[in-house]
Each structure stands twice: as structure tokens, then as C-alpha cells.
Amino acid sequence: MREQELLVRFQLPQATEIQKLEKKSLTSYIYIGSPTRVLQAKFGDRPRIQLNDSFRSAQEIGQFIASERDLLNESDRPFMTVTLKADYMTRMGIITDVKQELRKANALKVIYGATKTMGYE
Amino acid sequence: MARRIQEINAGSMADIAFLLLIFFLVTTTMDVDSGIQRVLPPMPDPNQKDEGLEVNKRNLMLVFVNKADAVSVGGQIMDVTMIKDKVKEFILNPLDDPNLPAKKIEQIDLIGDYPVSEGVVSLQNDRGTSYNMYIMVQNELTRAFNEVRNEVSMQKFGRRFDELSDDQRTAVAKAVPLKISEAEPRNIGGV
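Chains as they are written, first to last, in my numbering: chain A, 1270 to 1390; chain B, 4 to 194.
It cannot be assumed that every hint is accurate.
Claimed, not checked - Within a straight-line C-alpha distance of at most 16 Å, the following computed EDC-like cross-link-like pairs (lysine to aspartate or glutamate) qualify: (1) Lys-60/B <-> Asp-100/B; (2) Lys-1378/A <-> Glu-109/B; (3) Lys-1373/A <-> Asp-48/B; (4) Lys-1289/A <-> Asp-129/B; (5) Lys-87/B <-> Glu-109/B; (6) Lys-159/B <-> Asp-170/B; (7) Lys-1293/A <-> Asp-1366/A; (8) Lys-182/B <-> Glu-121/B; (9) Lys-1292/A <-> Glu-1337/A; (10) Lys-1385/A <-> Glu-1286/A; (11) Lys-87/B <-> Asp-129/B; (12) Lys-1378/A <-> Glu-185/B; (13) Lys-1373/A <-> Glu-185/B; (14) Lys-1378/A <-> Glu-1291/A; (15) Lys-177/B <-> Glu-121/B; (16) Lys-87/B <-> Asp-1345/A; (17) Lys-177/B <-> Asp-100/B; (18) Lys-70/B <-> Asp-129/B; (19) Lys-87/B <-> Asp-116/B; (20) Lys-159/B <-> Asp-116/B; (21) Lys-1289/A <-> Asp-36/B; (22) Lys-1293/A <-> Asp-170/B; (23) Lys-1385/A <-> Asp-36/B; (24) Lys-1292/A <-> Asp-36/B; (25) Lys-89/B <-> Asp-129/B; (26) Lys-1378/A <-> Asp-1345/A; (27) Lys-91/B <-> Asp-116/B; (28) Lys-182/B <-> Glu-92/B; (29) Lys-182/B <-> Asp-170/B; (30) Lys-60/B <-> Asp-116/B.
Claimed, not checked - Covered by chain B, per the in silico footprint, the following chain A stretches (three or more residues, Cβ under 8 Å): (31) 1289 to 1303; (32) 1343 to 1356; (33) 1377 to 1387.
Stated by the list, open to error - A few chain B positions that, by computed beta-carbon distances, are all more than 12 Å from chain A: (34) Ile-39; (35) Pro-44; (36) Gly-77; (37) Leu-98; (38) Asn-102; (39) Gly-131; (40) Ile-138.
Source of the hints: derived by calculation from the structure; they are not laboratory data. Note that beta-carbon positions come from the ideal geometry of N, C-alpha and C, so glycine has one too.
Model the full structure from these sequences, guided by the hints.
Rendered as C-alpha cells:
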């Protein structure tokens, strides 16, 4: 079940060595992609970062992680995971920025969202 | 004469149930969350003097993806499909090549003494690299490690890595640690 409305469009990259998420409640999501068709008139088509239900800059990730961490139990906090759902066409620049911010916020467990494929053609 | 009991006409109930079923099938989105798991390196302490991560050259394999999505492994340009075998050779170092990583004999529960490779795969990318390529390379690196783990599991326990018990799995994971660095370890000896 989807918790939030998506403001960005993305198609996940494909991979073979993927793992299923163990605990969904410990996961926070960061979506990266170009805004949906409807929003493109307002926000353009450059890739954007979506946190919760709005577009944010990479610098705001620290705050986002802190608030997400506060929602978890004390005992669960070390197991907090961040799932990056980014469009496969995105350039690494924006993703590197996100990664650096995550490191600064000390949210080190990351899952690069990908869909399962049996192999490359 | 007993009166006939009125019955509710239930003939269409099956149709209604069916429609409901279809409706929820169509409207429910199941977000399957899956992906490649990684642990990012912690941010270095700004107060701490930057001493650089001293990694011996033979223990470091630099995988670089440039902005045109071309991959070089240890300074050698290669296709994505070739990365896996190269990395496997790097981790295993079957012939004890002095140019490939050193091994350190370690005592591991359930396995005993095992030569653990000291190799670190360092993955670096350009800001212009596409995410797709980055994930493909990450995937190949994971595949290399997974295959080595599978081989060790087969050798030691006669089963695949994902079929092992938890204790056995930790043992194999210790014998073949997933050392993929996404940080910027000091480059010794040029690319």
C-alpha cells in the first residue's frame, strides 16, 4: 500500500542481486525523478527530490531524517533504513548529494530501489 | 397450509462480490520494496586530522564510472559484463598473486582458520554518470561477492549461501566480507 502521493515520476533501474525489504515500518523513502506531467508546468522537468509530500532540496534531508528518526522507537533507531527510489535516467550528481547528506545525518543503511530482472539482455 | 417463507433474491450476490473483487484488485497498489542494500561510510569527524585511509595498493581495486558511462576497473576499461569475473579474481586471488590482495588467516566460528581477503573495492563515479549504470555496476559487484560466498558455502557446508542457517551465514559473511567502499579512499599510486 502506498503511503504518500507521488509528485515525481520514476522508473526504477533493474538489477539481479536484489534483496527484499525486511521491515517496512523502519523505512523512510526518498524519491528522485522529474515532476509528474501535471506538476511540470509549475516545477519544470529537472529531477527533483521528494521528501514526504513536497519537493525539497538536498540540504533539507538532514532535517527530514531527524524527524523520521523521532517517529521510531528508541530501540529501532539503529535499524532505520532509507530507500532511495530514483529514476534510472537520473544523473549521479543529485544522488551523490543525497548520499552525502545521508552520511551527514548518520543514516547509513541505504537501499537503492531496483526491480528484479533475470539478467541483462 | 404453511405460508411460504420469503427469500431474499441472492442471485446477483455473486456478481456483486466479483465486481468488488475486481475493483479492489485494480485500485490496490502493492509497493514491493526491493533493491540493493548498502551501508554508507560514516562522515569523517571534521575535527579529526585527515590522515587518509592507508590502503595498500594491492588491496585496492578502483572501479570508476565516467560521465559517458564507461567503466574502468583498476585503470583498465572494460564492459560491465566483465566486472564480475575481475572482482571475483580480486577477492579470491586463487594463485596468491603478489599484485592481488593479501590474505589474513582468521579464526572464524564453524569454519575454522580461513584466509580472509583484505581487498577493498572502491567504487567511484562522476556526477554525470547515469543512475542506471551506477546500479548496474553495483549489481555486478554484489553478484561477484554473492558468487564467492556461494562457493565458500558449498565448500564448507555443502549448501548455497541463502540456504544456510543464521550462524553459518554470519560465518561465511565474515570469511567473505562485503567490502565495497563508496567513499574516497586516498589514492595511492595513481589511477
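So, going through the hints one by one against the coordinates:
With a C-alpha separation of about 13 Å, the suggested pairing of Lys-60/B with Asp-100/B holds against the 16 Å cut-off. As the CA atoms of Lys-1378/A and Glu-109/B are separated by approximately 27 Å, the hinted pair breaks the 16 Å bound. Restraint check for Lys-1373/A and Asp-48/B: satisfied, since their Cα atoms lie roughly 10 Å apart, inside the 16 Å limit. A threshold of 16 Å between alpha carbons decides the hint, and for Lys-1289/A with Asp-129/B the separation of about 28 Å lies outside it, so the pair is violated.
Our distance criterion of 16 Å between C-alpha atoms is broken by Lys-87/B and Glu-109/B, whose separation comes to about 25 Å. The hinted pair formed by Lys-159/B and Asp-170/B meets the criterion: a straight-line CA distance of about 13 Å does not exceed 16 Å. Restraint check: the Cα-Cα separation between Lys-1293/A and Asp-1366/A comes to about 25 Å, which exceeds 16 Å; the hinted pair is violated. With a CA separation close to 9 Å, the supplied pair Lys-182/B and Glu-121/B stays within the 16 Å bound.
Proposed proximity of Lys-1292/A and Glu-1337/A is supported: the alpha carbons are some 15 Å apart, at most 16 Å. A threshold of 16 Å between alpha carbons decides the hint, and for Lys-1385/A with Glu-1286/A the separation of about 8 Å falls inside it, so the pair holds. For the proposed pair Lys-87/B and Asp-129/B, the alpha carbon gap of about 21 Å is over 16 Å, so the pair is violated. Proposed proximity of Lys-1378/A and Glu-185/B is supported: the alpha carbons are some 13 Å apart, at most 16 Å.
Note on Lys-1373/A and Glu-185/B: the hinted pairing holds, with a Cα-Cα distance of about 14 Å set against a maximum of 16 Å. Only pairs whose Cα atoms come within 16 Å are accepted, and Lys-1378/A paired with Glu-1291/A is accepted, the gap being roughly 12 Å. Restraint check for Lys-177/B and Glu-121/B: the C-alpha separation of about 12 Å stays at or below 16 Å, so the hint holds. For the hint linking Lys-87/B to Asp-1345/A, the alpha-carbon distance of about 35 Å lies beyond 16 Å, and the restraint is violated.
With a CA separation close to 22 Å, the supplied pair Lys-177/B and Asp-100/B exceeds the 16 Å bound. Taking the CA atoms of Lys-70/B and Asp-129/B, the gap is about 5 Å. The hint holds against a cut of 16 Å. Using a Cα cut-off of 16 Å, the hinted pair Lys-87/B and Asp-116/B is violated, with the two alpha carbons roughly 26 Å apart. A hinted pair counts as satisfied when its Cα atoms are at most 16 Å apart, and Lys-159/B with Asp-116/B qualifies at roughly 12 Å.
Between the alpha carbons of Lys-1289/A and Asp-36/B the distance comes to roughly 6 Å, so the proposed pair stays at or under 16 Å and holds. Between Lys-1293/A and Asp-170/B the alpha-carbon distance is near 24 Å, which puts this suggested pair outside the 16 Å criterion. Of the pairs offered as hints, the one joining Lys-1385/A and Asp-36/B holds, with about 10 Å between alpha carbons and a cut-off of 16 Å not exceeded. Between Lys-1292/A and Asp-36/B, the direct Cα distance comes to roughly 10 Å. Compliance with the 16 Å bound is thereby established for this hinted pair.
At roughly 21 Å between alpha-carbon atoms, Lys-89/B and Asp-129/B are farther apart than 16 Å, so this suggested pair is violated. Distance restraint check for Lys-1378/A and Asp-1345/A: the Cα-Cα separation of roughly 13 Å lies within the 16 Å cut-off, and the hinted pair is therefore satisfied. Of the supplied pair hints, the one linking Lys-91/B and Asp-116/B is violated, its CA atoms being roughly 21 Å apart against a limit of 16 Å. In summary, the hint linking Lys-182/B to Glu-92/B is supported, as the alpha carbons are separated by about 14 Å, within the 16 Å threshold.
For the hint linking Lys-182/B to Asp-170/B, the alpha-carbon distance of about 20 Å lies beyond 16 Å, and the restraint is violated. Restraint check for Lys-60/B and Asp-116/B: not satisfied, since their Cα atoms lie roughly 25 Å apart, outside the 16 Å limit. Three residues within the 8 Å Cβ limit are the bar, and the segment 1289 to 1303 of chain A against chain B gives 4, so the coverage statement holds. Coverage of the segment 1343 to 1356 of chain A by chain B holds. Counting CB-CB distances below 8 Å, 4 residues qualify, and the rule asks for three or more.
Under a criterion of three residues with beta carbons nearer than 8 Å to beta carbons of chain B, the stated coverage of the segment 1377 to 1387 of chain A is upheld, 9 such residues being counted. Not every Cβ of chain A is farther than 12 Å from the Cβ of Ile-39/B; the closest lies at roughly 5 Å, contradicting the non-interface assignment. With a cut of 12 Å on Cβ distances, Pro-44/B falls inside the contact zone with chain A, its closest approach being about 7 Å. The non-interface label for Gly-77/B is consistent with chain A: the shortest C-beta to C-beta separation is roughly 21 Å, beyond 12 Å.
Every Cβ of chain A is farther than 12 Å from the Cβ of Leu-98/B; the closest lies at roughly 27 Å, confirming the non-interface assignment. With a cut of 12 Å on Cβ distances, Asn-102/B stays outside the contact zone with chain A, its closest approach being about 27 Å. For Gly-131/B, the non-interface assignment is contradicted: its Cβ lies about 6 Å from the closest Cβ of chain A, within the 12 Å cut-off. For Ile-138/B, the non-interface assignment is contradicted: its Cβ lies about 4 Å from the closest Cβ of chain A, within the 12 Å cut-off.
In terms of the numbered hints stated before, the structure departs from hints 2, 4, 5, 7, 11, 16, 17, 19, 22, 25, 27, 29, 30, 34, 35, 39 and 40, listed from lowest to highest.
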